[in-house]
Amino acid sequence: MALWFTEAHTPDVRLCIRAERQIFSAESRYQRIEIFQSPQFGRFLTLDGLVMLTERDGFIYHEMMTHPAFAVGPDIRHVLVVGGGDGWAVHELIRYNGVERIDVVELDEMVVHAARGHLMHAASAFDDSRVRLFIQDGVAFVRRCRGEYDFIVVDSTGPVGPGEGLFTREFLGCCFSALKEDGILLSQMGSPYYEKSMDFVARTFSRAKKCFPIVRAYQAHVPTYPSGYWLFGFLSKKYDPVRDLQAGRWQSIGIKTRYYNTPLHLGAFALPSYINARLGIAPDMPREEGFAPTQAKRSEKFTTPRDEEATPAQEVPDEVFSPCEKQNDGISQKRNEQGESTAPPEQNRGEDFVPPSDEQEEDFAPTQDEQGEDHVPPL
Amino acid sequence: MTDQNQTPIATALELLRHARIVPFDVPGHKRGRGNRELTEFLGKRCLSVDLNSMKPLDNLTHPVSVIRDAEALAAAAFGAQHAFFMVGGTTSAVQAMILSTCRRGDKLILPRNVHSSVIGALILCGAEPVYVKTRADSRLGIALGMAVEDLKDAITRHPEAKAVLVNNPTYYGICSDLREIVRIAHRHGLRVLVDEAHGTHFYFGEGLPVSAMAAGADMAAVSMHKSGGSLTQSSLLLTGPDVNPRHVRQVINLTQTTSGSYLLLASLDIARKNLALNGRAVFRRVKELAEYARREIEQIGGYAVFSKDLVNGTTVYDFDETKLSVNTLGIGLAGIEVYDILRDDYEIQVEFGDIGNILAYISIGDTMKNVERLVSALSEIRRLHQRPKAGLLETEYIPPEVVLSPQEAFYAEKAAVPIEKAGGTVSAETVMSYPPGIPILCPGERVTRPIIETILYAREKGCLLTGTEDLTVSYLNVVKGGL
Ligand SMILES: Cc1ncc(COP(=O)(O)O)c(C=O)c1O
Chain A
1 MALWFTEAHT PDVRLCIRAE RQIFSAESRY QRIEIFQSPQ FGRFLTLDGL
51 VMLTERDGFI YHEMMTHPAF AVGPDIRHVL VVGGGDGWAV HELIRYNGVE
101 RIDVVELDEM VVHAARGHLM HAASAFDDSR VRLFIQDGVA FVRRCRGEYD
151 FIVVDSTGPV GPGEGLFTRE FLGCCFSALK EDGILLSQMG SPYYEKSMDF
201 VARTFSRAKK CFPIVRAYQA HVPTYPSGYW LFGFLSKKYD PVRDLQAGRW
251 QSIGIKTRYY NTPLHLGAFA LPSYINARLG IAPDMPREEG FAPTQAKRSE
301 KFTTPRDEEA TPAQEVPDEV FSPCEKQNDG ISQKRNEQGE STAPPEQNRG
351 EDFVPPSDEQ EEDFAPTQDE QGEDHVPPL
Chain B
380 MTDQNQTPIA TALELLRHAR IVPFDVPGHK RGRGNRELTE FLGKRCLSVD
430 LNSMKPLDNL THPVSVIRDA EALAAAAFGA QHAFFMVGGT TSAVQAMILS
480 TCRRGDKLIL PRNVHSSVIG ALILCGAEPV YVKTRADSRL GIALGMAVED
530 LKDAITRHPE AKAVLVNNPT YYGICSDLRE IVRIAHRHGL RVLVDEAHGT
580 HFYFGEGLPV SAMAAGADMA AVSMHKSGGS LTQSSLLLTG PDVNPRHVRQ
630 VINLTQTTSG SYLLLASLDI ARKNLALNGR AVFRRVKELA EYARREIEQI
680 GGYAVFSKDL VNGTTVYDFD ETKLSVNTLG IGLAGIEVYD ILRDDYEIQV
730 EFGDIGNILA YISIGDTMKN VERLVSALSE IRRLHQRPKA GLLETEYIPP
780 EVVLSPQEAF YAEKAAVPIE KAGGTVSAET VMSYPPGIPI LCPGERVTRP
830 IIETILYARE KGCLLTGTED LTVSYLNVVK GGL
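Quick note, the sequences are listed as chains A and B, same order. FYI, this note's numbering numbers position 340 of the first sequence as 340, with every residue one higher than the one before it. In short: position in the second sequence from 1, add 379, done, that's this note's numbering.
Think of the hints as simulated: they come from the structure by calculation, not from any bench. In this text, a Cβ means the ideal position worked out from N, Cα and C, and glycines have one as well. Careful, some of the hints might be misleading.
[To be verified] Here are some of the chain B residues that sit facing chain A, going by a computed Cβ distance under 7 Å:
(1) Y725
(2) Q728
(3) K748
(4) E751
(5) R752
(6) S755
(7) A756
(8) E759
[What the hints assert, rightly or not] Chain A is nowhere near these chain B residues, computed Cβ spacing over 12 Å in every case:
(9) L633
(10) E675
(11) E726
(12) I777
(13) R825
Only chain A is shown next, with the shape it has when bound in the complex:
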């Protein structure tokens, strides 16, 4: 029997992946966690019915979330990964011998458990002796750090739901403090194609600009994410990702990658005009203005993160949302192959991440209005 995993990317667009079987399924305090086996993408992990990674295309996202920093920052030794309980970002990081310590702060222990048991890379990543895993809220963790890290990876689930806090100005500001004076932060930002999602991207981008002197967006193609097209943020205190790219030095490290390379690095920062327009980037002059340098006068003593102190007494699930429950645990719809146009909709109704059921719509993204005005590229 063919089982189809379905994720609604907008109310009018769905991605269906044929799954052979379900490997793992559990409801944690925070979210529903599932792993499926599929012919096209290998195993894939979903949280609350949204694809987080697949074994086949996951290299794109995770390479782009890690290597660009190493090609720019000269001496990355201490790294913080916020989120990323699936272990793949860590897997990329441990390939650098220069990295001495990797702190991973994941809210949901069950994600780590599921990944270690069933996904490639995860077990070896978490077994590396340089890796310390903290199960706690990333926002609280980062707040307690001062000038500790060379590089922070914000590998979050998305701007709505459990990972919401990782897109806020207060979190990014705390990351600024947690970084050393030449630190770099890479964060996923979302899809720039569907309007509602682009709204989130633009908002995150402008918040980031208020926190860091250098904020640049870059892109990659991720087949299983909404619209297949993804934006990332390069937030930095000192180094510009294009001007300060040290291609030769990175190549000499000899890391073998499947997606990332240094010419692509440069290209990734060259964005389509509709995105530049939306993010307020002048294409010829990509440096940002409007940054008010933050005259931080910090007298507090250096605080080292300790999970014992940091873990709140008790935590009750935040708005947990499982769009798939009604759909046979995420596998739904034996469906007919034909009849669906692959052409993008004529009018973009501008909604991203919309779960299949109406009532829950709001948890994910503001309900779409009729306007389809936006910056969809001409078809």
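Given the coordinates of chain A, assemble chain B with the ligand onto it according to the supplied hints.
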């Protein structure tokens, strides 16, 4: 009628919705059909129970069936002799307490830091305020609770007083020794009225300060819509065993609408059920969230977070640990400035900011995730905006000089004068900062330099000043001719 699982009003509405009675009565939107845009905005379900009094739904002004039953359930849940469902906010409950207790010329003992609804009641009924000495914490810039000694002193000075009104807890969570206040007041034949707008949870949580009814007070105004989870504007008036509920009902009906909203009434009914059944767990959780936030904010440094440490046995007899009040003067910012930065830069709305403090309302609907955001934002505000303390006004509590009763002053011949030039006059109106809605100046009080400075400072810092006829708060109505 003691099964707290029941919701008589909500159940009656539900039955009626299914009965599909043809409506030839008000409201004219007729279950929403007459106003499609509104129906879309609020939802069909909501409009379909926006009904008017009719036999199956009882009548708020004269309850004999479902409203009576719902009120009886609420009374049982709150340990009161009687509970009145109010649809005019806690303002109406506070006013009903005073109007059913005091007549023109009667004296009411009260602290000066009351909500403006109390002053409004004095204007309406002509009672005269006798202020107990109100002590302040000059470091935090807030008024404290009522000390038993100060109450005794007021009673000695005015043995003919009719009642004492206590604010318990204050907005900031400060509690007075209610049991002792009740004992002394009753011994002298005074009624005890409690403005318990911020204390709904006292009736249900564990380890919280004593509630008014448990302390033996005669009446209490309880904002169900604040910590209780009902709809905005719904409230409860509770009465004890020695109060005649029929008289109170008549007083309520003097000013209450004859078309009480069933949305509000049903929300009271359902919120009461939830509190009765789950209140203990809910407020344990609220307290934990507040405790966690308190600890974390203390760790940031610079901020002073209100806590049980304030308790001193007299003016702070107890402290409500669900309240998260933070003094911001230590980072060189006025509370109202932090309030604005939180909203403008961090998309976080707190309950209010006054001159020295912000208050974040932690409730039944909060999540740890959002508490983390608040703490982080405060940490960032300190990092980015901290400045030397100079230039911030430290508030000192100055006892008012009451020249006329609020009613006399409010209805006197008046003249509008620029606030800066009002020194020495007698005010004919109220000036307050909202929230918290505690008057800086009441009708009948002498306008002094420090009061003018406080008003100007609050205006400059961006507090929302209300109460005056002049919406720009540039002019003040004062009693003509001077006194
Ligand atoms: C102490 C106090 N009493 C009474 C009220 C009046 O409540 P409502 O706004 O529901 O009329 C308030 C409201 O802020 C208050 O703080």
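Hints versus structure:
A distance limit of 7 Å between C-beta atoms decides the matter here; for Y725 of chain B the minimum to chain A is near 5 Å, and the interface restraint holds. With 7 Å as the threshold, the beta carbon of Q728 of chain B stays out of range of chain A, its nearest partner Cβ sitting at about 14 Å, so the hint is violated. Hint status for K748 of chain B relative to chain A: holds, with the closest Cβ pair at about 5 Å, below 7 Å. Look at E751 of chain B: its Cβ gets to within about 4 Å of chain A, closer than 7 Å, so that hint holds up.
With a cut of 7 Å, the hint placing R752 of chain B at the interface with chain A holds, because the nearest CB-to-CB distance is about 6 Å. Interface hint at S755 of chain B: satisfied, since its Cβ lies 4 Å from the closest Cβ of chain A, which is below the 7 Å cut-off. Restraint check, A756 of chain B versus chain A: the minimum CB separation of about 4 Å is within 7 Å; hint holds. For E759 of chain B, the interface hint holds, the least distance from its beta-carbon to any beta-carbon of chain A being 4 Å, beneath 7 Å.
The non-interface label for L633 of chain B is consistent with chain A: the shortest C-beta to C-beta separation is roughly 42 Å, beyond 12 Å. Listed as outside the interface, E675 of chain B is inconsistent with that label: its C-beta sits roughly 7 Å from the nearest C-beta of chain A, within the 12 Å cut-off. Residue placement check: E726 of chain B does not keep its beta carbon more than 12 Å from all beta carbons of chain A (closest about 7 Å). Distance check on I777 of chain B: its Cβ is at least 36 Å (rounded) from any Cβ of chain A, clearing the 12 Å threshold; non-interface status holds.
In this structure R825 of chain B is separated from chain A by more than 12 Å, as the shortest Cβ-Cβ distance comes to about 44 Å.
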